[in-house]
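Participant: Sequence:
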Amino acid sequence: MKKSIREIDLNNKKVIIRVDFNVPIKDGIILDDNRIIASLKTINYAIKNGAKVILMSHLGRIKEEKDKDKNTLKPVSIRLSVLLGKPVLFINKTRGEELENAINNLKSGEVLLMENTRFEDLEGKKESLNDSELGRYWASLGDIFINDAFGTSHRSHASNVGISKFLPSGMGFLIEEELSNFDVLENPKRPYTVILGGAKVKDKIGVIENLAKKCDYLLIGGGMAYTFLSSLGYNVGASLLDKNSIEFCKNMLEQYKDKIVLPVDSTTSKVLDGDIELKNNDEFKDDDIGLDIGSNTIDKFKEILKKSETIVWNGPLGYFELEKYSDGTKQILDTLSKEKKIVIIGGGDTASAAINFGYKDKFTHISTGGGASLELLEGKTLPGIDVIDDK
701 MKKSIREIDL
711 NNKKVIIRVD
721 FNVPIKDGII
731 LDDNRIIASL
741 KTINYAIKNG
751 AKVILMSHLG
761 RIKEEKDKDK
771 NTLKPVSIRL
781 SVLLGKPVLF
791 INKTRGEELE
801 NAINNLKSGE
811 VLLMENTRFE
821 DLEGKKESLN
831 DSELGRYWAS
841 LGDIFINDAF
851 GTSHRSHASN
861 VGISKFLPSG
871 MGFLIEEELS
881 NFDVLENPKR
891 PYTVILGGAK
901 VKDKIGVIEN
911 LAKKCDYLLI
921 GGGMAYTFLS
931 SLGYNVGASL
941 LDKNSIEFCK
951 NMLEQYKDKI
961 VLPVDSTTSK
971 VLDGDIELKN
981 NDEFKDDDIG
991 LDIGSNTIDK
1001 FKEILKKSET
1011 IVWNGPLGYF
1021 ELEKYSDGTK
1031 QILDTLSKEK
1041 KIVIIGGGDT
1051 ASAAINFGYK
1061 DKFTHISTGG
1071 GASLELLEGK
1081 TLPGIDVIDD
1091 K
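To convert, count from 1 in the sequence shown and add 700; that's this note's numbering.
A couple of the hints might just be wrong.
Said to hold, decoys possible - Taking lysine-lysine pairs in the DSBU-like style, the calculated list, with each CA pair at most 35 Å apart, reads:
#1 K959 - K985
#2 K793 - K770
#3 K959 - K943
#4 K702 - K913
#5 K825 - K793
#6 K970 - K900
#7 K768 - K1060
#8 K1024 - K902
#9 K1000 - K1024
#10 K1062 - K959
#11 K1038 - K1007
#12 K1060 - K1006
#13 K1024 - K726
#14 K1038 - K1062
To be verified - Computed spacing ranges between beta-carbons, pair by pair:
#15 K865 - D987: 51 to 57 Å
#16 K889 - R706: 26 to 32 Å
#17 G933 - I976: 20 to 26 Å
#18 E1078 - E1021: 21 to 27 Å
#19 K1024 - N712: 56 to 62 Å
#20 N935 - N734: 36 to 42 Å
#21 P891 - N712: 48 to 54 Å
Note that these hints are calculated values from the structure, not bench results. We put the CB at the ideal spot given by N, CA and C, even for glycine.
Whenever a hint applies, use it, and build me the whole structure from the sequences.
Facilitator: In structure tokens form, the structure reads like this:
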């Protein structure tokens, strides 16, 4: 077991907390502050317990100098001040005398947010490639390190793995909650059903292999369904097709024919914004694009989900960003929201769909980390968590 923030004396200590403030921002306006809200429990605990709080996060990707303007954490500091009900000192630097002096002048209970850690990627990707010197420098700014950024815990960066090597460390409440919910899947109430969607099979080969052994039903939707259908000989028209994964899909269907459930129909169109048509698997023309699961598939999936006790969902079931292709994802969300079951929603697009369609508080857990949750489901060790001190 990893050490928790609860088990560390924070009083009058400079406590570096790695949070995940990688939120969508347009023209300086935060479009979705859920990740900021998810960090509040840990930050407020540190404040209450007398810490001098130093917050670190990345935001977007920094490939060239002009990326800095749109990826500054300044708007986050303003929103965080409102959410905490107290000032948050923002320092638009990732190192140097100004940052060091500001940290050294912090009083217990005060909060500082430093600039986007990925600004350090401009010269040699020091943050993303876990530069040892950078990790050591950032560690020198504090006394204790708390990792609460589940969304980046599958990455080995200077701001998580790097700092952990040089400071006493623990996990925050968000990571603790994420791990606790995924631990339930080690011995799930059955029937245990997994819903997998998204675009490409190759992105989820490890997850499919790992979960197919453990679950009772594996429901496949989204763009990846058409590679499975193609492996059975169906003409999938102009739908997404991962040709290099066809043999894998064929083997999985042979091995787990009683578990894997594929769509029987789809909402199709000739072009993305064109007229839609419901088609069975054997009715596709060469120019048809499957963009959502069809009504018969929705009914089939619902039937299985209603008799399931534990459900994990990673990946939307259609091109849900457009209203006309969101029905499958919406209907399954609605069905699950009414069931008294253990329902865990993987991060990324699935979490975004659940929250934006009004189901934020309807499930056992909605993960804050798409890639991290995917790797947990694949059975991998997350480096950002692995380096945290053991109890």
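Participant: Could you run down the list of hints and mark each one as holding or not?
Facilitator: We went through each hint and held it up to the structure:
1. K959 - K985: holds, 28 Å
2. K793 - K770: Given that 35 Å is the threshold and the Cα spacing comes to 15 Å, the pair holds.
3. K959 - K943: With a Cα-Cα distance of about 23 Å, the restraint between K959 and K943 holds, given a limit of 35 Å.
4. K702 - K913: It holds: about 27 Å lies between the C-alpha atoms, which stays within 35 Å.
5. K825 - K793: Judged against 35 Å, a Cα distance of about 16 Å means the pair holds.
6. K970 - K900: holds, 20 Å
7. K768 - K1060: Holds - the C-alpha atoms of K1060 and K768 are around 31 Å apart, at most 35 Å.
8. K1024 - K902: holds, 27 Å
9. K1000 - K1024: Judged against 35 Å, a Cα distance of about 20 Å means the pair holds.
10. K1062 - K959: Status holds; Cα separation ~27 Å.
11. K1038 - K1007: Distance ~13 Å between K1038 and K1007 Cα, so the pair holds.
12. K1060 - K1006: holds, 20 Å
13. K1024 - K726: holds, 25 Å
14. K1038 - K1062: holds, 8 Å
15. K865 - D987: 51 to 57 Å: holds, 55 Å
16. K889 - R706: 26 to 32 Å: Between K889 and R706, where Cβ atoms are some 28 Å apart, the hint holds.
17. G933 - I976: 20 to 26 Å: holds, 25 Å
18. E1078 - E1021: 21 to 27 Å: Because 25 Å falls inside the window, the suggested range holds.
19. K1024 - N712: 56 to 62 Å: holds, 57 Å
20. N935 - N734: 36 to 42 Å: Taking Cβ atoms as reference, N935 and N734 lie about 41 Å apart, which means the hint holds.
21. P891 - N712: 48 to 54 Å: holds, 52 Å
Of the numbered hints given earlier, the model fails none.
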